[in-house]
Every structure is written in C-alpha cells, then in structure tokens.
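Engineer: If you want the building blocks of each chain, they are given just below.
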Amino acid sequence: MQIYLPIADLPVNVFLILAMGLAVGFISGMFGIGGGFLMTPLLIFIGVTPGVAVASVASHIAASSCSGAISYWRKKAIDPALALMLLAGGVIGTAVGVWLFTMLRALDQLDLTIALSYLTLLSIVGGLMASESLRAIMRSRAGKPVVLRRPGSHVWFHGLPFKFRFKRSKIYVSAIPVWVIGFLMGFIGAILGIGGGFLLVPMLIYLLRVPTATVIGTSMVLTMVTMASATVMHSVTNHLVDGVLAVILMVGGVIGAQFGARAGSKMRGEWLRLLLGLLVLVVGLRFAYQLVVEPGDLYSIRLVMP
Amino acid sequence: MMSRCRTALTALAFVLLTSVPVSAERLVISLSNHRVMVTSSFTGVDLVLFGSVEGDQASVLRRGGYDVVVTVAGPRVTERTRRKERVFGIWVNADARTFIDVPSYLAVISNKPPDAIAGADTLRRQQVGLENILLPQRIGPDVADTVRDDPFRQAFIRLKKEHGLYIERTTGVTFFTPTLFRADIPLPSTAPFGTYEIDVKLFADGVLVTQSSSALEVIKVGFEQFVADAARDYGFLYGLTLAMIALLIGWFASVVFRRD
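Chains U and G supply the protein sequences, listed in that same order.
Residue numbers are given in my numbering: position 148 of the first sequence equals residue 148, and the series is strictly consecutive.
Residue numbers are given in my numbering: position 196 of the second sequence equals residue 502, and the series is strictly consecutive.
Be a bit skeptical, because a hint or two may be false.
As the list claims (entries may be wrong) - Quick partial rundown of chain U residues pointing at chain G, CB under 10 Å, derived from the structure:
hint : residue
1    : 3
2    : 58
3    : 62
4    : 115
5    : 117
6    : 177
7    : 244
8    : 299
Stated by the list, open to error - Below, computed lysine to aspartate or glutamate pairings styled on DMTMM-like, alpha-carbon distance capped at 25 Å:
hint : chain 1 : residue 1 : chain 2 : residue 2
9    : G       : 390       : U       : 9
10   : G       : 390       : U       : 294
11   : G       : 467       : G       : 539
12   : G       : 390       : U       : 111
13   : G       : 467       : G       : 503
In short, the hints are calculated from the structure, not lab data.
Remember, it's a predicted structure, so these values are computed and weren't measured experimentally.
The beta-carbon is built from N, C-alpha and C at its ideal position, and this holds for glycine as well.
Could you put together the complete structure from these sequences and hints?
Structural biologist: In structure tokens:
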C-alpha cells in the first residue's frame with residue numbers, strides 16, 4: 001500500500017516503514033536501547049533527507065522510551081531526582097542542538113555533519129563494544145571467570161561543588177557533571193536523531209557510578225523528555241517533522257520492542273554486546289562509504305522558499 | 307488645438323498598432339480541467355489542451371502550416387543548487403547558487419523540436435524551450451540570469467528533469483487539421499500546488515504569429531495535505547500534538563504488553 005509522506009515528500013510503502021519500525025523496535029528491545037542510531041540511518045538510506053529523518057525519529061524515540069520508562073517506573077527502577085537533574089541540562093542541550101541544526105541547514109552542511117558525526121560516533125562505540133565483548137568471550141572460552149570492569153575510582157570531577165545526594169541511586173556527586181551529561185545527550189539527540197541510550201548508560205555507570213538498578217530507567221526518562229521536546233522544537237524551527245512517517249514508525253517500534261525484549265533475555269550478555277557492536281560498526285561503515293565514494297551526481301537541489 | 311490633434315493621432319496609432327496585428331490569426335484555446343485535485347492516491351495526470359487557429363474573413367490561413375509551443379509554468383519558488391567537491395577525501399557541498407523565483411514546474415510542449423520551429427534568436431527572445439527560460443540567480447547583490455552553459459544552471463535543469471518537474475515534449479502537440487490541435491500536459495504526482503500559467507505561442511514560417519494564455523490550479527486535498535499545512539503553519543501545535551501522540555502510543559504499548 002503506497003502512501004505519500006507529506007513532509008519527506010516521498011511516496012513509500014506503508015509496510016516497508018512498518019517493517020522498519022518492527023525490525024528496529026525488535027533490536028532496541030533486544031539490547032535495551034532506543035534504536036535511533038539505526039532508524040535515522042535506515043531512513044536516510046531509503047531516501048528520506050537527513051534533516052527530515054533526524055527530526056521525525058525524535059518522536060519515534062520519545063514513544064519507545066516512554067513505554068520503557070513506564071515499565072521501569074512500575075518496578076521503581078527510576079531515580080526521579082537524578083532524572084530531573086539530567087533533564088535540566090538535557091532540555092537546554094536540545095535547544096542548542098536544534099539551533100545548530102537550523103544553522104547548518106542554512107549553510108548546506110547539515111547532511112555532511114550528520115554523516116560525519118554518525119561515522120565518528122558509531123565507529124568508536126561499535127569498535128569499543130565489539131572488542132570488549134570479544135575479549136570477554138575469549139576469557140570465558142579460556143575458562144577464566146568473566147571480570148567485569150570495576151567502576152572508576154575517585155575522578156577529578158568528584159571534587160566539584162554543588163554536591164547532591166541522589167537517594168534512590170545511593171550516590172553523592174556534584175550536579176555539574178550530571179548537567180553536562182544531560183546537556184550532551186540533549187544536544188546529540190537533537191542533531192543526530194538518537195536517544196543516546198548507548199552512550200548515556202555507560203557514562204552514568206562509569207562516570208557517575210549510578211547502580212545498574214536505576215541506570216536504564218533513569219536514562220529512558222531523560223531520552224523520553226529530550227526527544228519529546230526535540231519534536232516540538234524541530235517542528236517550530238525547521239518544519240521538518242513528518243508526522244505520518246513518525247506515527248507508523250512508532251507503532252512498528254513499540255510492537256517490535258516487546259518481541260525483541262523476549263528474544264534478548266534468551267541470549268548471553270557478551271554475545272548480545274558483540275552483535276550490537278558489529279551492527280553499530282556496519283552502520284558507521286555505510287556512512288563512511290557514502291562520504292568517500294564519489295556521488296553519482298555532484299549537484300543537488302534544496303527548496304529554500306516556496 | 308495642435309496638441310489635441312496630436313493626442314488623437316497618437317491614440318489612433320496606438321489602437322491601430324495593438325488591436326490589429328500584422329497577421330490576423332486568432333488563437334482559441336480550451337483546457338480540459340482548470341482545477342486539479344491531488345489526493346494521496348494521485349499518481350499524476352495528463353491534462354488536455356485544445357486549440358484552434360482562426361483567421362478572419364480578410365486573411366487567408368497560411369499554407370506553410372503552423373507550429374505551436376505550449377509552456378506551462380508552475381508556482382514560483384526559490385531553490386538552491388549545491389555542488390559537491392572532494393575535500394580531504396570526503397565529498398562535501400562546496401559551492402551553491404540560489405535561483406530566485408523560478409518555476410517549480412515547467413513543461414515545454416511543441417509539435418516539433420523548438421529549433422525546427424524558429425531561429426535561435428526568436429526562441430531566446432520569446433523564452434521558448436528549457437534552454438531559453440529565464441532562471442535568475444543571486445549573484446552577489448544582484449539577481450540575474452547567467453549564460454546558458456553555466457554549470458549550475460544546467461545542473462538545475464537536469465535535476466528538475468530527473469525529478470519529473472521540468473518536461474520537454476517535442477511531439478506533445480498534435481494537429482488534427484492544419485488549424486486544430488491538442489496538447490497533452492503531463493502533471494507528475496509531485497506537482498507542487500498553486501497556480502500554473504499556461505502560455506500558447508503560435509508560429510508560422512519561423513515567426514511568432516500570435517499567443518494566448520490560460521491558467522490552471524493544482525490543489526492538494528486529503529489527510530497528507532492537512533498534515534503538511536499544519537506542519538508549515540502551526541509548527542508549535544503540530545509538534546506538541548505529535549509529541550503527545552508519541553507518549554500516548556508509548557503508554558498504550560506499556561499497558562497492552564504488560565507482563566507483570
């Protein structure tokens with residue numbers, strides 16, 4: 001069934017978009033991630049312009065992180081104080097990100113920035129994940145017990161002022177690094193159309209030493225609010241959010257995530273991480289390919305004013 | 307007295323020059339449809355334009371036959387053509403030109419290739435054919451059209467052709483009789499909405515004989531158009547609604563798939 005995406009200005013098959021939502025939802029449920037870093041590139045690869053892809057995926061991520069956040073809320077696995085503190089930085093970061101997005105678009109460099117950022121981010125994260133999980137697999141093959149990396153000891157920023165006690169997470173840290181992390185996540189999310197869970201969770205664990213009990217739920221709250229506000233801000237400034245595309249993706253995404261979560265619980269942790277790492281690497285390489293290979297057409301047109 | 311006489315003479319000369327053309331043919335045109343409704347299932351349409359060359363009693367219709375060029379120009383837009391160059395091994399948009407108030411859609415339909423209808427000078431003066439259409443660019447503080455072989459201008463026309471928005475049909479006009487013709491105007495599914503100007507030029511022996519114009523309107527209707535309008539005109543409400551829908555869908559999923 002062919003439909004017309006009003007903002008992307010593209011006729012597409014509904015079932016293709018729905019299947020993409022399901023597939024990415026499945027993967028996101030399996031690995032406990034938002035899936036934006038897969039969805040945005042996929043949309044770009046099927047011909048949606050990077051700007052529309054980023055802006056529309058924001059609302060898709062808001063939906064999937066909302067359903068996640070609610071189930072973590074029921075399990076009391078969210079630290080509300082920490083979430084609020086992260087959000088204080090996150091919403092500002094989102095606003096700055098949307099502003100930069102608008103500027104880059106006016107300068108004709110938005111597509112390049114998105115591709116380069118994805119390439120850098122995904123190859124680093126994918127490479128680290130894959131090598132780390134490979135080492136873990138080798139170790140367990142060799143019969144040695146799996147040694148989890150211990151959270152870092154006292155780092156310089158633990159000496160910063162505005163110390164704050166986060167009761168549910170049982171940590172006592174300065175609010176400054178919390179704000180900075182929130183800001184970074186909001187900023188990256190607005191420009192790249194990713195929830196950033198795969199960056200945020202390790203940061204919270206290794207830098208702030210947030211316990212695993214509250215880390216995923218809290219990060220989902222941050223993602224949900226920053227992505228919902230990114231949706232509104234992108235709509236106001238760039239008018240690039242495709243509602244039809246977003247709603248189809250959301251429906252596919254939330255359903256896929258349920259099946260993914262069940263499949264994920266049956267797999268071993270290291271293998272799951274290796275798989276995710278490789279997936280991230282492949283998406284990154286696809287961007288590299290696009291940047292390095294001479295485009296079929298050196299020219300392109302962008303509508304400035306109707 | 308003298309001045310009044312001169313005024314009268316001028317007026318007479320004006321009337322003579324404008325209302326009685328050198329050749330006496332008239333062009334009567336009729337379009338199959340002046341309003342095109344574009345719905346979500348719209349896959350494009352061919353509009354039909356009928357035309358008839360009429361001569362008054364005094365004039366004799368030419369034996370050499372007539373040539374017709376129909377030019378349809380869609381709503382005016384401003385677009386930017388960018389060119390990629392390799393910088394440090396990667397391809398980036400390095401250069402760009404802004405085209406101001408150019409037709410978003412342009413169809414040039416004729417009964418034979420324009421260069422077989424009239425000389426290059428006439429075609430250029432009358433802006434007949436994609437090569438001769440005015441495409442003003444912003445050049446520094448000025449707005450002007452460039453030379454025909456400007457690479458950005460050529461790339462713009464080529465890309466618009468690839469998108470199906472700039473069309474050249476050299477056999478799109480069919481003559482039923484030496485004076486009665488029809489032209490097929492193809493509107494693609496991506497035709498932008500707005501007013502389209504139709505300009506029909508009649509040539510004989512390489513000279514413009516007369517011309518006539520009409521217009522058509524493309525209106526997009528349906529849900530997709532509603533969404534597009536809302537996104538453009540009510541950005542804040544649109545964004546807020548979508549964010550709410552997202553949170554609702556998320557909440558709904560967590561209720562439906564609740565496992566505890």
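Engineer: Could you run down the list of hints and mark each one as holding or not?
Structural biologist: Here's how the hints hold up against the structure:
1. The interface hint given for residue 3(U) is met, as the beta carbon of that residue sits about 6 Å from the closest beta carbon of chain G, less than 10 Å.
2. A cut of 10 Å between beta carbons decides the hint on residue 58(U): the least distance to chain G is about 9 Å, and the hint holds.
3. Hint status for residue 62(U) relative to chain G: holds, with the closest Cβ pair at about 4 Å, below 10 Å.
4. The beta carbon of residue 115(U) is positioned within 10 Å of a beta carbon in chain G (closest approach about 8 Å), and the interface hint is therefore held.
5. The beta carbon of residue 117(U) comes no nearer than 13 Å to any beta carbon in chain G, farther than 10 Å, and the hint placing it at the interface is violated.
6. Checking residue 177(U) against chain G by beta carbon gives a least distance of about 28 Å; that is not within 10 Å, so the hint is violated.
7. Hint status for residue 244(U) relative to chain G: holds, with the closest Cβ pair at about 6 Å, below 10 Å.
8. With a least beta-carbon distance of about 4 Å to chain G, the hint placing residue 299(U) at the interface is held under the 10 Å criterion.
9. With a C-alpha separation of about 23 Å, the suggested pairing of residue 390(G) with residue 9(U) holds against the 25 Å cut-off.
10. Distance check on the hinted pair: residue 390(G) and residue 294(U) sit about 9 Å apart at the alpha-carbon level, within 25 Å; holds.
11. Simply put, residue 467(G) and residue 539(G) have alpha-carbon atoms about 30 Å apart, too far for the 25 Å limit, and the pair is violated.
12. For the given pair, residue 390(G) sits about 12 Å from residue 111(U) by alpha-carbon distance, which is consistent with the 25 Å threshold.
13. Annotation: proposed proximity of residue 467(G) to residue 503(G) holds, straight-line Cα distance about 19 Å (limit 25 Å).
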